[in-house]
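My request is simple: use the sequences and hints to build the entire structure.
For the protein sequence lines, the chains are Y and D, in the order given. Numbering follows full-length UniProt numbering, with no gaps: position 150 of the first sequence is 150. Numbering follows full-length UniProt numbering, with no gaps: position 330 of the second sequence is 330.
Calculated from the structure, these hints are not laboratory results. Worth double-checking, as some hints may not be accurate.
Identical copies go unnamed one by one, so any copy, or any two together, can satisfy a pair.
Derived lysine-lysine pairs resembling DSSO-like cross-links, with alpha carbons at most 27 Å apart [claimed, not checked]:
id, residue 1, residue 2
1, K309, K58
2, K284, K194
3, K284, K35
4, K284, K58
5, K202, K115
Number of protein chains: 2
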Amino acid sequence: MWDVAERLKALLVFAEHRYYGESLPFGEDSFRDAKHLNFLTSEQALADFAELIRHLRKTVPGADGQPFIAIGGSYGGVLAAWFRMKYPHLVVGALAASAPIWQFQDLIPCGVFMKIVTEDFRKSGEKCSESILRSWGAINRLSNTGSGLPWLTRNLHLCASLNSEDIQRLKDWIAETWVNLAMVNYPYPASFLKPLPSWPIKVVCQYLTNPYMSDSLLIQNIYQALNVYYNYSGQSKCNNISETTIGNLGSRVWGYQTCTEIILPFCTNGIDDMFEARAWDLDKYSDDCYKQWGVRPRPSWITTLYGGKDIRSYSNIIFSNGDLDPWSGGGVTEDLSDTLVVVNIPEGAHHLDLRSSTDMDPPSLQLARTVEVKHMKQWITDFYGNDRRLPLAT
Amino acid sequence: MWDVAERLKALLVFAEHRYYGESLPFGEDSFRDAKHLNFLTSEQALADFAELIRHLRKTVPGADGQPFIAIGGSYGGVLAAWFRMKYPHLVVGALAASAPIWQFQDLIPCGVFMKIVTEDFRKSGEKCSESILRSWGAINRLSNTGSGLPWLTRNLHLCASLNSEDIQRLKDWIAETWVNLAMVNYPYPASFLKPLPSWPIKVVCQYLTNPYMSDSLLIQNIYQALNVYYNYSGQSKCNNISETTIGNLGSRVWGYQTCTEIILPFCTNGIDDMFEARAWDLDKYSDDCYKQWGVRPRPSWITTLYGGKDIRSYSNIIFSNGDLDPWSGGGVTEDLSDTLVVVNIPEGAHHLDLRSSTDMDPPSLQLARTVEVKHMKQWITDFYGNDRRLPLAT
Numbered sequence: 001m002w003d004v005a006e007r008l009k010a011l012l013v014f015a016e017h018r019y020y021g022e023s024l025p026f027g028e029d030s031f032r033d034a035k036h037l038n039f040l041t042s043e044q045a046l047a048d049f050a051e052l053i054r055h056l057r058k059t060v061p062g063a064d065g066q067p068f069i070a071i072g073g074s075y076g077g078v079l080a081a082w083f084r085m086k087y088p089h090l091v092v093g094a095l096a097a098s099a100p101i102w103q104f105q106d107l108i109p110c111g112v113f114m115k116i117v118t119e120d121f122r123k124s125g126e127k128c129s130e131s132i133l134r135s136w137g138a139i140n141r142l143s144n145t146g147s148g149l150p151w152l153t154r155n156l157h158l159c160a161s162l163n164s165e166d167i168q169r170l171k172d173w174i175a176e177t178w179v180n181l182a183m184v185n186y187p188y189p190a191s192f193l194k195p196l197p198s199w200p201i202k203v204v205c206q207y208l209t210n211p212y213m214s215d216s217l218l219i220q221n222i223y224q225a226l227n228v229y230y231n232y233s234g235q236s237k238c239n240n241i242s243e244t245t246i247g248n249l250g251s252r253v254w255g256y257q258t259c260t261e262i263i264l265p266f267c268t269n270g271i272d273d274m275f276e277a278r279a280w281d282l283d284k285y286s287d288d289c290y291k292q293w294g295v296r297p298r299p300s301w302i303t304t305l306y307g308g309k310d311i312r313s314y315s316n317i318i319f320s321n322g323d324l325d326p327w328s329g330g331g332v333t334e335d336l337s338d339t340l341v342v343v344n345i346p347e348g349a350h351h352l353d354l355r356s357s358t359d360m361d362p363p364s365l366q367l368a369r370t371v372e373v374k375h376m377k378q379w380i381t382d383f384y385g386n387d388r389r390l391p392l393a394t
Numbered sequence: 001m002w003d004v005a006e007r008l009k010a011l012l013v014f015a016e017h018r019y020y021g022e023s024l025p026f027g028e029d030s031f032r033d034a035k036h037l038n039f040l041t042s043e044q045a046l047a048d049f050a051e052l053i054r055h056l057r058k059t060v061p062g063a064d065g066q067p068f069i070a071i072g073g074s075y076g077g078v079l080a081a082w083f084r085m086k087y088p089h090l091v092v093g094a095l096a097a098s099a100p101i102w103q104f105q106d107l108i109p110c111g112v113f114m115k116i117v118t119e120d121f122r123k124s125g126e127k128c129s130e131s132i133l134r135s136w137g138a139i140n141r142l143s144n145t146g147s148g149l150p151w152l153t154r155n156l157h158l159c160a161s162l163n164s165e166d167i168q169r170l171k172d173w174i175a176e177t178w179v180n181l182a183m184v185n186y187p188y189p190a191s192f193l194k195p196l197p198s199w200p201i202k203v204v205c206q207y208l209t210n211p212y213m214s215d216s217l218l219i220q221n222i223y224q225a226l227n228v229y230y231n232y233s234g235q236s237k238c239n240n241i242s243e244t245t246i247g248n249l250g251s252r253v254w255g256y257q258t259c260t261e262i263i264l265p266f267c268t269n270g271i272d273d274m275f276e277a278r279a280w281d282l283d284k285y286s287d288d289c290y291k292q293w294g295v296r297p298r299p300s301w302i303t304t305l306y307g308g309k310d311i312r313s314y315s316n317i318i319f320s321n322g323d324l325d326p327w328s329g330g331g332v333t334e335d336l337s338d339t340l341v342v343v344n345i346p347e348g349a350h351h352l353d354l355r356s357s358t359d360m361d362p363p364s365l366q367l368a369r370t371v372e373v374k375h376m377k378q379w380i381t382d383f384y385g386n387d388r389r390l391p392l393a394t
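Set out below in C-alpha cells:
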C-alpha cells in the first residue's frame, strides 16, 4: 500500500473500525453488554467510513473532487468490498485482499477452510499432516492416563497445569496454531502474528516426519513444531493455552461480531483434513453466543445484505487471494465480470499482496501487484474521464 | 401497476413500511418517544424489504429464481430507487415514480418546489397565481382588524373560531392546499388525497381571476377555490385548519422521519412564487424537531448514504416525473446513463403513471407507460440471459 500510494500520488488513510483500538463509542463501557455493543455492526462501520470520506473531502486540502479507493485485507478486505458495493459513489473501486466474503451460510462447504490448512501442511513435508492428524489421538490417550496430564504439561511447556477438562482447549489451541501458521505461511521472514522464519510450515514440518512413533515421542515432536510458532525468537518461557494468538487484533470484540453478523461456519471430518471431526452446529453456536453476550446470531443477514454469491450487479472490486491461505476458500477466486476481477497468488498466504515489497517476493506476487495497480489506474482514469461526476455537495 | 403486472405475468406485492399502517414494532407504544421511534429509518425499511424478498422467494411457490422489480411513487419511489441502489442483487431494477431523491441538502435550490406549484396555478387561469399571492396580505390585513377574525372564521367556514395566533396556521393550511392541488392536478376526476374533478387547478382558478378586488371579496373567492379541494363532494360542513390534508397517509410518523433523515429544505420568496417569503432555517427547524421529538435532524446523512447527485455508478432505475408535480423539482429529470433513465410526463402530476389506465390518459402518459414496460422487459431479459445468477442461498 505504501509503495503503490507513492506511485499513484495518493494519500493513505487508515480508518479504525469502531469498537477497536481507540474508537470506543462508550469508552471503557463499550464492551460491557449487548446494549453497549449494539452499535457494532458492519453497516455502522461502513457508515463511519462514508462519513470519514466526506470529512476528508471537506478538510484535507485538495482532497475534494479526487477519487478514493478502498483497500483492506481479511475482514478489512471484506469491508473494502462491501464498501464499494454499498457506497460506489464514494470510492471508485476496492482492493479486497484475502477477503472471505463467501465464508457465510452455505455459500461454500464448511470444511473448505480446514482442508486448505491441511493441504498447506501436506505439501510442506512428508507425513507432516498425517503426524498432526495422529497427534490428537495421542493427546487423548495420554490425557486418559494418570501421569499423562503432568507429562503433557511438562513436555508442552505449558504455563499452567493441565486438568482433564482442559484437554479440548489444549487441542483447540494447537489446532489454532496450525491455522495461524497457514495464514502467515509467507515466503520470507515476517512477524504479522508472530516473528517467524520464511515458509514457517516447512520449518514446522521438519519436526513432523513420522506419524507412527509412540504417542509421547509424537507429542514431543509436536512441541518442537509448536515452538516454531511460539518461540522463534527464543523469548518464550512457557506456553499459555488461554492466550489467543490473535488477541492483539481485538478478538474480544470480534467474538461479539461473530455472534451477531459474522457467522462463519467451520467444520472438520478428519478425512479431508488433519483435524478431529467436528460438525458445524449452529444451535450450539447460538447457545454459546447467548451465554456469552446475551445475543443470538443472524446467520442469513449478511448474505441478504451483501448478496451472497449474487453480486454481479456490483462493480470495480479486485479480489486477491493467496492459494495457501485457508481464507481463500471463502474468497472470490474466479472473475465475476469485467470489473469484478480476481488476482490469485499461488505462493501467497493471507493478504501477502498488502505487505511491503521485498527482494524475496515471488514472481506471482509481483505480477499480482502489477495487475492490481493496473486496475486502480483504470478506475482513476474512468473517474476523471467520461464518468467524472461533480464532487458531493457538502 | 395492476395492468403491467398482468402483462408481465408478475405477482404484485405491497410492502408496508415499518411504523405505518399495521407494521408497528411496539404496537401502540411505537410513537411514544424517540427511543421507540429509533428503529424508523430508511435503511431499516430497505432491510425489511430485503428480508421480505427472501421470505417470498422461500415461501411463494415459483418465486425463487425469478426477478423482482421495485416500484414506488413519491417517498415510495425514493425507496424503490434506494433499494435498487443498495440491494441490486435482490431487484433487477426499480421504477421510481415522482421520487424526489434530490430534494435534500443543497442539491437543488430550496425554492424550486413552490415555484412549480406557482407555475401550475399561473398556467391554469389568468391572474390565478397573482390572486393567491395577494391573498396573504388580505388575510394579514383582515386579521388585524377587530371584526376580521370572526369574519374570516365565518367566510372561510372554519370549524373553530380563529384567534390572532392562528393566522400563521391558517395561511399554512391554505398554502398546503395549493401544494396538494398541484400534486393531484390530474387530467381526469380522481380521489387520491381528496375527490376532485379533472384538472382541479383549472376549476380552482375559475374563482381566482381578479387579484385587485377588495380584501374581503378576494378572500371570499379564496374560500370558493378552497372549497373545490375540501368540498367537491358537498359533504363537508366546515373547514378544520388543524387537520392536515394528508393525515391519512401517516403524517405523524412522517414528521419524525422529516426530523431525523428526511430533511427537505423548502423556501419561498414571494417573487418567483405566489407565497409569502420564508427562508429555509435549519436551526429553527432543528429546534422544532428537538421540541417535538427530542431528536435533531442529520441533514447530510441521506446524501452521504445515497450519493446525492453522484449516483452514476448505480444502474437500472427509471425515474418518472410529472412536469406539473412540484416534486419533479427534486427528481432526476435527465438521463444519467444508459440504465439510469428518465421518463418525463408533461401533463403529469404526482406519480400519475402508477395509476390505472383510463380512457382519459393523455398520449404522453401512455407513452411513458410503454417506455417503462420496455425497460422492465429488458431487465427481465438480462436477468434470464447472460447476467443470470443462481438464486440466493437460503
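Verification of the hints:
For the identical chains of this complex, K309 and K58 are inter-copy neighbours only, at 17 Å across copies versus 36 Å inside a copy, given an alpha-carbon limit of 27 Å. In the homo-oligomer, the alpha carbons of K284 and K194 never lie at most 27 Å apart, since the shortest distance is 32 Å inside one protomer and 57 Å across protomers. Taking CA atoms no more than 27 Å apart as the test, K284 paired with K35 passes inside one copy only; the shortest distance there is 23 Å, against 33 Å between copies. Taking the shortest Cα distances, K284 and K58 sit within 27 Å of each other only across copies (25 Å), while inside one copy they are farther apart (48 Å).
Taking identical chains as interchangeable, the C-alpha atoms of K202 and K115 lie at most 27 Å apart only when both belong to the same chain, with a minimum of 17 Å there against 75 Å between chains.
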